[in-house]
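Chains as they are written, first to last, in my numbering: chain E, 1 to 91; chain V, 101 to 191.
Keep in mind the hints are simulated off the structure, nothing from the lab. Wrong hints could be hidden among the right ones.
In silico DSSO-like cross-links for lysine-lysine, where the CA-CA straight-line distance does not exceed 27 Å [unchecked claim]:
#	chain 1	residue 1	chain 2	residue 2
1	E	Lys-39	E	Lys-61
2	V	Lys-191	E	Lys-77
3	V	Lys-162	E	Lys-91
4	V	Lys-135	E	Lys-12
5	E	Lys-35	V	Lys-161
6	V	Lys-161	E	Lys-61
7	E	Lys-39	V	Lys-139
8	E	Lys-12	V	Lys-139
Fair warning: this is a prediction, and the values are worked out from it, not measured in the lab.
The residues making up each chain are set out below.
There are 2 protein chains.
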Amino acid sequence: MQKENTVFVGNKPVMNYVLAVVTQFNNGASEVAIKARGKAISRAVDTAEIALNRFLDNVVKKQIVTSTEVIETDSGKTNVSSIEIVLAQNK
Amino acid sequence: MQKENTVFVGNKPVMNYVLAVVTQFNNGASEVAIKARGKAISRAVDTAEIALNRFLDNVVKKQIVTSTEVIETDSGKTNVSSIEIVLAQNK
Chain E
1 MQKENTVFVG
11 NKPVMNYVLA
21 VVTQFNNGAS
31 EVAIKARGKA
41 ISRAVDTAEI
51 ALNRFLDNVV
61 KKQIVTSTEV
71 IETDSGKTNV
81 SSIEIVLAQN
91 K
Chain V
101 MQKENTVFVG
111 NKPVMNYVLA
121 VVTQFNNGAS
131 EVAIKARGKA
141 ISRAVDTAEI
151 ALNRFLDNVV
161 KKQIVTSTEV
171 IETDSGKTNV
181 SSIEIVLAQN
191 K
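The shape of chain E in the complex, shown without the other chains (with noise of 0.2 Å):
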């Protein structure tokens, strides 16, 4: 089975995440998940597009699947978009 590294993407600088997509497919990863809940959306969107254009050669975004997900709070439970972008190596 495929080895998948994830990346999970919240309210830090963009570039960090950046990096560690990176760094993961330097480490030889085949492919890298990029994920991220409700506002982080729009950053994990800007995590793949600067890997891709700016760092990664030969590396291809494979899927992108957007989803509901249900969140437990104090308040009672609630709904979070999230979305989950997979960068392959283009074989």
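Starting from the known structure of chain E, arrange chain V on it as the hints suggest.
Leaving out everything else, chain V in the frame of chain E:
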């Protein structure tokens, strides 16, 4: 050729855009594209998820594409990420 309708997501409340998408399907559209740039990307994902989960039957996510657009500003050119989520009637 298939008629394609587009909803551009900006900074208004998300339900405005959900209503626009649902209205286009109710008016007979076979496909609706939801587009956004920059920080509005997360709201575009919310729009698609809410429209699909709460309002639209027999409609599916057909395609999700992200890209980088070059924008001209007063201080020169800058890159901004964009997303296009295409929803389509499930035939």
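Q. Against the structure shown, which of the earlier numbered hints fail to hold, in ascending order?
A. Hint 2 alone not satisfied by this model.
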